[in-house]
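Visitor: What follows is the residue order along each chain.
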Amino acid sequence: MENKEIFDTIKDRQEMGQYFDRIMDSTYAALREQQEQEFGENLLKSYIFELHNPKREAQRFIKFIDFLKRNLFEIKEIDKDLLSFYKDDFLFFIDAYDPRFLLIHSPSKATLCNDNFDFFVKRFPSLDRTWFNTSLLESLSYYGEFESWKSVYNSKKIHKESDISAYNNLEWEELSLQIKSRNPRQKLQQIRESNIFKNAFPITSIRIKKDYSEDAFAREDINFLGKFTARGNNFVNHIDIVTRFSKSYSKLVETIENDFSLHFSKENGYYGEPIIIEFPTKIQLEYFKIILKAWFSGTQPFLLWGLIDFKLNDYAVVEAIDLHMGHPLTFEISSDFMRIYLQKDVCGNLITRLLANLEQHFSSSVRILNDKLTKVFNPQIE
Amino acid sequence: MTSEEKHLDLINAFAGLCFDLPKWPNTLYKLGFKIKAIEWQFTNTNGGFVKPELIIVSQKLNHAILLECKSGTLDDDQLKRYSDVALDDIVVKANFTVAGFDVTFFVYEVSLEEARRKIAGSFKFPLIVLTGDKIERIADINKFSHGDVDQDFRNPIDVDLRYRPYNLIPFSNDKKSFPDSKVVNAIVVGLTSMLITETVGTVIGVLNFVQKYIVKNNLFDCFLVADQKKIIERCQGLMRSIVKKYYKNYLTIMIKDGAEINPNKYDIIKTCHSENEGADSLKEKKQLIRIAGNVIQDMGDKASVAYQTSLDEFLLSSE
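Residue numbers (this note's numbering), protein chains in the order written: chain A, 1 to 382; chain B, 1 to 319.
Derived by calculation from the structure, the hints in this document are not laboratory data. Don't take each hint at face value.
Claimed, not checked - DSS-like cross-link-like pairs, simulated, lysine-lysine; straight-line CA separation at most 30 Å: (1) Lys-156(A) <-> Lys-283(B); (2) Lys-344(A) <-> Lys-230(B); (3) Lys-122(A) <-> Lys-230(B); (4) Lys-76(A) <-> Lys-87(A); (5) Lys-266(A) <-> Lys-60(B); (6) Lys-63(A) <-> Lys-248(B); (7) Lys-251(A) <-> Lys-34(B); (8) Lys-34(B) <-> Lys-344(A); (9) Lys-286(B) <-> Lys-69(A); (10) Lys-156(A) <-> Lys-143(B); (11) Lys-289(A) <-> Lys-176(B); (12) Lys-344(A) <-> Lys-122(A); (13) Lys-198(A) <-> Lys-23(B).
Just chain A, same shape as in the assembly:
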């Protein structure tokens, strides 16, 4: 069936599930026969997006639907939380059961998904991707059998002027590594211990397999941008993994917002806790200014703009704005750490975005020092 026909046909959640079952089953059969597919082609892909909406008001989601309408998407309400959208052979479904962490499913080509979702994030201010950093992906990998991982490091994406490889004592500006092994966790550990890739070794995606019964399983590729590519044989199992990750992520973002933003009240006094991210190697003085200017220039992927006050040669205070949501925040940055002061109502997603992108493009060994927060970044999962 063509995507338009599917859009017209599906009338409830069960039909959507059955349709995805068929897609997964056929791709699974193809994969079993070793017919390698073009990346993402015909595979079911699910994404977790954050629609900044801490109070989970319906209005924010309605505004997003209005935005999609203005961009000429056909829209069909399947039930009160589930809608399907179609335009130019691009079909996707949004499950807004949690109106803050939206689940988006699409069987369309990966390129169509990437282009459209990039467009949504750039143009609709409250919508952001979810950002799964290395420790979060690694912790969540325990939810199934850890089959493989991928590491892609690219310093040039944010550090155009600066010689970040020199800062990190690296031989590489870019690194791409994919390991499939009987024991990928052990391999990961070995490579880390060898320190061969030093600070250029983030986890960019993982593959896990979870068996639900003798013949029902989910095999998922999960990347740091909150994308889940389903390779199992059953939608129910796929969605089990997606929702499990979504809940852990939701808890993380809400912990950042509730426990780490600073706020004064007459009853409770002044409470909260600035977040500290430590750099593994000191930024050399000659790079300090250049690196900070790159980070706060308003560019992707950090989307931070700020007024940098260099108080010392290796110390600066930055009055910044998260250009995605427009929220103000303050940074103190020295050559070996940054401290972030969040105000109440600031979106916690900006911290996950910052951390994940520091790992992917600056140093994979950056580390949050707040104990309470570290625990949420490393959830125990059953």
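Go by the hints and put chain B onto chain A.
Guide: Only chain B this time, still in chain A's reference frame:
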């Protein structure tokens, strides 16, 4: 860093002890102390004014500490006024229900000898000094009156000054510690943030603006009403001229009735066109950053120069 800024920095170093910050001691946090007031003025038993930088209270210990930070010289008259503060002044006039209190002076090492000379033998205030690697109560002068507090200050507290917090208390109404150029920076960041976040037609009062973008973290409520008014008065003139000169295409200022008497009663209204909520046009964000750069160049803290390099590389413009 100017010597004036050091005063606000000293306050922050002490404030840090009331939080559970990584890499900075949490001595007072562990004892249940929380910051309850900033620059809260009240009168002592003899009717003399005192205005400690911070008042911190521990409900657990039923105890308050009044903090006076000194980056320069100690004023004899001020010392006398603090010595005349009694418990009922704290409870009845400052409105903090506690069973005991201390006034403590917190100084940099350079001021230590003068502080020691003036306090020792004459006053009962514990004296704390911030050195290159320690926060230390001067042992041979006075103790804290509460045993638990004194116990935790009995030995010098190791600190790594590289990790000292500077922005827990982000604003001081003291012009020297927080000059107008910094107010301009805060206004520009605030206006940019507001223009991105808010929808067309949004009305924001100056009071709300100052609370959210300049004093921050709801700390405005920490100040006495009279000081709140002074803060508003200080910020609003700058804000008005900035909005009128640089943001006339985006914002309108509406003066309410009675503004002549109570000048905080004017509103800023977002008037620029935007497709839906906030500045969702990337082009618009770029323009806002350009304007912010112009304001800072003309009026703000010249140290803040990030915008100069940012515009050339502004990838957001890839519409």
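Visitor: Which hint numbers does the structure go against, in order from smallest to largest?
Guide: 3 and 10
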